[in-house]
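Visitor: The lines below spell out each chain.
There are 4 protein chains.
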Amino acid sequence: MSSEFGKKIKISIFGESHGEAIGVVINNLPSGEKIDLLKLDEFMKRRQGGNNPYSTPRKETDKIRFLSGIANGYTTGAPLCGIIENNNTRSGDYNRDLPRPGHADYTAYAKYGSFTDHRGGGHFSGRLTAPLCIAGGILKQIMERRGINVISHIYSIGKIFDTPFDMINPDINGVDTDFPVLNKDIKEKMQQEIINAKNEKDSVGGIIECAITGLKAGVGEPIFDGIENKIAGLVFGIGAVKGIEFGIGFDASQMRGSLVNDPFIIENGQIKTATNNHGGILGGISSGMPVIFRTAFKPTPSIGKLQKTVSLSKMQEADLEIIGRHDPCIVPRALPCIESAGLIAIADFIL
Amino acid sequence: MSSEFGKKIKISIFGESHGEAIGVVINNLPSGEKIDLLKLDEFMKRRQGGNNPYSTPRKETDKIRFLSGIANGYTTGAPLCGIIENNNTRSGDYNRDLPRPGHADYTAYAKYGSFTDHRGGGHFSGRLTAPLCIAGGILKQIMERRGINVISHIYSIGKIFDTPFDMINPDINGVDTDFPVLNKDIKEKMQQEIINAKNEKDSVGGIIECAITGLKAGVGEPIFDGIENKIAGLVFGIGAVKGIEFGIGFDASQMRGSLVNDPFIIENGQIKTATNNHGGILGGISSGMPVIFRTAFKPTPSIGKLQKTVSLSKMQEADLEIIGRHDPCIVPRALPCIESAGLIAIADFIL
Amino acid sequence: MSSEFGKKIKISIFGESHGEAIGVVINNLPSGEKIDLLKLDEFMKRRQGGNNPYSTPRKETDKIRFLSGIANGYTTGAPLCGIIENNNTRSGDYNRDLPRPGHADYTAYAKYGSFTDHRGGGHFSGRLTAPLCIAGGILKQIMERRGINVISHIYSIGKIFDTPFDMINPDINGVDTDFPVLNKDIKEKMQQEIINAKNEKDSVGGIIECAITGLKAGVGEPIFDGIENKIAGLVFGIGAVKGIEFGIGFDASQMRGSLVNDPFIIENGQIKTATNNHGGILGGISSGMPVIFRTAFKPTPSIGKLQKTVSLSKMQEADLEIIGRHDPCIVPRALPCIESAGLIAIADFIL
Amino acid sequence: MSSEFGKKIKISIFGESHGEAIGVVINNLPSGEKIDLLKLDEFMKRRQGGNNPYSTPRKETDKIRFLSGIANGYTTGAPLCGIIENNNTRSGDYNRDLPRPGHADYTAYAKYGSFTDHRGGGHFSGRLTAPLCIAGGILKQIMERRGINVISHIYSIGKIFDTPFDMINPDINGVDTDFPVLNKDIKEKMQQEIINAKNEKDSVGGIIECAITGLKAGVGEPIFDGIENKIAGLVFGIGAVKGIEFGIGFDASQMRGSLVNDPFIIENGQIKTATNNHGGILGGISSGMPVIFRTAFKPTPSIGKLQKTVSLSKMQEADLEIIGRHDPCIVPRALPCIESAGLIAIADFIL
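Chains as they are written, first to last, in the numbering used here: chain A, 1 to 351; chain B, 1 to 351; chain C, 1 to 351; chain D, 1 to 351.
Next comes chain A alone, as it looks inside the complex (with noise of 0.2 Å):
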C-alpha cells in the first residue's frame, strides 16, 4: 500500500479513519517559508463539516499538530510531519461483515484480509483528505508568494450548473470560501438540491472546477509528467472522483480542430492564445493561460436508504441500513481538496 506521491514535493500519507492519528510528511520543502498557521487553519476548516444543514452532522476539528519541520513559524526545510489526533468517532456505526456498496469495504478486504482497519473506512476514508489539505494549505502560502493561485467553484450539482470560469481571465476574487459559485443566483437551488437528497436518505453528486493561475509558460514535462498527469495522478487519490477533464475536455471530442486550436496572439508583448479550449496545457508544459480543469465526484456512496449487499462471512446476500452520520454530498468540502491536488502538483514541478 504506497499512500505517497511526487517527485520534487513528496507526500506521504497516512492513518486509518479511526485510528490515533492521521497524517502527512512532506519532504523536500524550502526552508525559510512563513507559514501562517490562521490561514492554514481556514483552509482547513472549508474541508469540515458540521456547519450547515447540507453537510454531515459529524464535526471534525481537524487542529493540526507538527511534529516537525516547522520551527519559529518557518519551515526549516527538514522533512514536514503534521498530525491530526483522532477524536469524535463512533466506530459501532460501521459493520466489518457487511460491506457498503460504493465504498471500498469489499476491495481493501479482498487486497489485505481481514487485517484492515475497517473502522469508518480505514485508510480510505474520506478523511484521509484532511492531511492532503494540510499539503495543500502549506502549499497554497508558499505558491501564492511566488504569484501562483489556486482556485475552484462547485460547477455542479446533480444537474444544476453555476456558469464556468471566464477560461481567458477566471475571477479568483469572484468565488466565497463558504459555498463557491460565480452565478449566486444559483447558490439557493444547489443547497436546496442537497437538502432534497438528503431528506430522501439519499446523496447527490457533483462537478468542481478548478483554475490556476499565475504560471508562466513552460512548467511541466512531456509525456508522462506532464501538468494534467500530475494533476490527474493527485485527484483521482481523491475518494468518489470518477472523471477528470482539461480545458474544454470532453466537448472537444465534438468538435472541429479548426474551432478547438486556439489561435497565438500577442498581447501587451507576449504571446498568449486568443482562446484557451487547451486549458493552458500543451503537451503536458504550461502555455501561460490558465489552467482549467474539471472533476467529477459520484453521490457518496454513505446512504440511508436500504442497500443490497452481501455478508462476507455467510457468503449470502444481506440489506444494509446505514446509521451513522453522513454528507449527503461531498462536493462542499472536496473544494480545498481539489485545489490541494492543484497546488502539490504545480509545486512538485517548480519548488
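I should point out that these hints are in silico values taken from the structure, not numbers from a laboratory.
Certain hints may be false.
Since copy identity is lost for identical chains, a pair holds within one copy or between any two.
As the list claims (entries may be wrong) - Quick list of in silico lysine-lysine cross-link-like pairs, DSSO-like style, CA-CA up to 27 Å:
1) Lys272 to Lys201
2) Lys216 to Lys272
3) Lys187 to Lys39
4) Lys159 to Lys187
Quantities reported herein were computed from a predicted structural model and do not represent experimental measurements.
Once you've looked at the hints, dock chains B, C and D against the given chain A.
Guide: Just chains B, C and D now, kept in the frame of chain A:
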C-alpha cells in the same frame, strides 16, 4: 524532461519525430516470456496510418529492432530496448518560427528554447506513441497469458456515438481490429464524418472506450497508486487527450447515490456487483468487475485550413497554412495506444 | 531534503532532535504480520544509551507510539507510522553560532540557512536513527518468520579487533545483545578503550561487521539495484559512517584472482561456494551464501576537548568547548542501526 | 531487473554483452548544452582495452550512435539515448553450463533461469560500464562548465601504492589520462605487477582514488540522499567493486575524535576546514572542501588458471579453464567509470 513511467514495470520512452530513432526501454519484465513478433507487429500496425481514406497518407512502417532483453524469442529478464529507426520524414514540412496552434511547438520553445528538436513535433510528436505501443504490445501477450484482456472500441467520432460496452460483460470478441465499433451500422457514418473533416481541410475528435477484463478483486493501491491514478497518468501521456472518466464517469455527478451505488451480489459463489457504475474500481482497487474507462481526444491540431499564429522571431501575428500529410482524426489510430496505457498500468501492479 | 528510502518497502523518516517528535512512515508492509511490541522494544533498547559507563548518560526512553498501520497487534496493510515523542532534551547545550567540527551544523547552515532547527543537530542528529530502528525492528520480526536473520558484532574499537565472522557459517547465536563480540576475551579491552577516550574528553571509532543469513540465491537486481547498492545506500544514512566493504572487501584489492574467486561446489545437493570472499553477492544478486559487510564509524565528533571552529556571525575563528552529554563511542549503540539497514535492504527486495 | 539510477538526472542502462547493442537513456539533461563528441570519444577511449600489454587484447571500439536528445551538437532537452552497436564478440568463448567463479553467471541463472543471455556475462558484463561512461562523459562536459571537476588516479595495484591525493588541494592536472598516478616512480612497478599476474594466467586487484573539486557548500540531502549514499549507490553498479570509503574512511575507525574532527577556519573570507578527514561531506551535504573517495576492486574473476566450478546440468563439480581474452587487472580501465559515478551523483543534485 522525464518520459518515464512505472514502479515495477518501468517504461522509459525516448526519441524525436525526425531524429535517428525512437524507442523504449522496459525494465523488470519477467524472464522467459515468449514474445510472438508477428502478433506484436499486428498490434503495431493498428497504430499506423496510410491504409485508408480517413487517416494520414504518411506511411510509417514502425519496424521494431530489439537491442536487448529478448533472445531466441523469449525475454531474458534484462532491460528490453526496442527501437524504430526513422525514415520517410519530410522535415521541410515544419517551420520553427510559426508555432502551430494546438501543438506543443510553443510550450516546448518556452521550456527548452531554440535547442528543442522541433521537426515534426520532436519529442512531443504523436509518433512517440509508437514506443508506447511496443511496450503495450509486449505486455498484451504477457497479460493474456494471465487471463487479462484489454480491448477498446471507437465510442464516438464527433457527435456520432457507438453503443457503449456492456459494463458487466463487455464483448471482447465483438470488436474487430481495423475500425472497431460495437454497432456495425454506425461505422460508415463515422468514417464519412472523418472524410468530411478531411475534405474541409479540418479535423475531428472522438472518444475511445476501453475495457479490462479478467482482473481479480484486490489489485491496486489506495490513494495515489490506485488503478485510476495509474491509467490516467499514462493516458495523459498520449497527445490530444483532454479527459478521462471511469465507470459511468461524469454522468455520476448528476445522479443520486441510490442509483449509482452498485449492490453486491453472489454469483456462482463469488462476490460481484449487480451493476458496474463504479467501473471495476473502488478505492483505487479492483473489485473483480471489468475496468471500464473512456478517454476524450480533441481533433488533431494539424489542419490544412489557414490559421492564426505568431512569429517567434518577429513577435508579431502571422498566418499559418500547414501543408504536410496529417490525420483528420487520430482516434482510429489511438486505440492501441489507449490499450497500451491500460496494459502497462495493470502490468505495473501485477508483474 | 529527502529522507526517504526504498522501492517496495518505503521508509520516510522525519523529525528533529529537539522537536516535538521523531518518527517513520513505512509503506507497503504486508497486512497480517504480527508485531510483538516487547521484542520491538528490546531491539530499540539496544540503540539507547545510559546503562553503562561507556555510553552517554543521556537517557532516551524511545517509547514508540503507533499512529497507524497496526491494529490488534497485526499490521493492517495501510501505511504504518510510528513516532517517539521527544523529552529529556536540554537545548541550552547547543550553540547556533559555533558549528561543531565533524558535525553537520555548518553544512546544514550552508544549505538551509538560519531556518534549520539546529538544536541537538536537528534532522541530522544521531537521534534520527531511532525511527530507522523502528522500521528495522518491525522488519526483523517479519524477516525472521521467513528464515532470514541479520546479526552484527563489534568488529573493532579503535585498534582493538574482534575475531571476524566465519564467512561460511556465521554463528548467529554466538553474539549477545549487550556488547556483542565473538572473542569474549576482547570485550573488556574494548570497553576500557572507550572509557579511556571518555576520560580524555575524547572519542573513538570502530567497525561493525554484519551478517545476513537465510537468503536464497537469486535475490537482488543488477547494476544500480544490487544488494550492495541498497545496503550502502542505507548505511550511509547513519551518521559517522565513513566506509563500507562486502566480503573480503578492501583486502581483495591486494590479492590475486585465483585466491579471491570462490570455487563453486555441491553440498547436500545444493550449489555453494567453498569460500565466501564475495560476501554472498555476485553481480548484485545473492549467491545463497551469507551476506557479510563491514561498516567503518568515525569517532563521534562531539568531544569535551577544546576545539577550533568559527563564529558564523562574526566570520572569525573561535574556540569551542562542548559541555553536553555525549557518547565517547557510537559503535555499541549503532549495532541495531546497521542491522536495520540490512533488514530494510533485504525487505525491499523480497516483500 | 532495474538498471536505473537517479532522481533528477535519470540514467537507464540496457544491453547485453553480446546482444545487438548496449546503451543508455538519460532523462532531464538541460537543453542547450554543447557536447564535444571528440572529447567524449577521448573519455570513452580511457575505458577501452587493447592498447597496451597490461589490458585485454580484445579491442572494443565503443563508437557511440546517438538516437535522440542531441541535435546540431547541442542537447535538445529531450531524453538522450546513446548506443554502442556490438561487434568483435566471440560467443564461443562462453559456456552456459559451467558458471565462472567470481562472476554473476550462477546468480543470474538462479534469478532468471536459462532465459538469461549468458554470453559474455550478458547484462552483468563489465561491458555495461560503457553506457555508464557515455552518461559520465556527457556530464563531465556539463559539470566542467559549472566549475566542477572529477578526477581519479590509480591508488594501488595489488600491494603497490601510489601517493594519496592532497585532500585539501588535489592536483587535478597532476594526473595524466593513460595510466594516472601521482608518484611517477611507481607507475612502472604497477604495470609490471599487472604483467606478472597476466603471465601467471592470474589477475590482480587495486584501489582507485577519486576527487571532486569545485563543489560549493550545501549540496546534498540528509539521511538517505546524501552525497555518500548517491556515490556508493552508483559505484556498486560497477562490477568487481567490493568497498568504498570517504575521506580518511576506514582509518577513522582507529582514531580519536580530536584527531579526526576537522577544525573550521576562515580562509580568504570563506569558511573552510584546516584538514579534510571528512572528505568534503558532513551529514550527506558538501562542506565546500574536495570530495574524496576510494573504491576497492577485486581482481577480475576471469583468469586463465584452472578453476573449480560445477556443472549446472549434471549438478556435479567440474574443472573450468577460461580461454577468452581478459584483463589481468580492471583498474586502469575502471577510472572513467568511477569518475562517471561521481559525475552522475553530483549532476543528480545540481542539475
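Visitor: Give a verdict on every hint.
Guide: Here is how each hint holds up against the structure:
1. When the C-alpha separation of Lys272 and Lys201 is checked against a cutoff of 27 Å, the pair qualifies only between copies, where the shortest distance is 25 Å, while the shortest distance within a copy is 49 Å.
2. For the identical chains of this complex, Lys216 and Lys272 are intra-copy neighbours only, at 11 Å inside a copy versus 40 Å across copies, given an alpha-carbon limit of 27 Å.
3. In this homomeric assembly, Lys187 and Lys39 come within 27 Å of each other (Cα to Cα) only inside a single copy, at 25 Å, whereas the closest approach across copies is 56 Å.
4. For the homomeric pair Lys159 and Lys187, the shortest alpha-carbon distance inside one copy (13 Å) is at most 27 Å, but the shortest distance between copies (32 Å) is not.
Every hint from the earlier list agrees with this structure, and none is contradicted.
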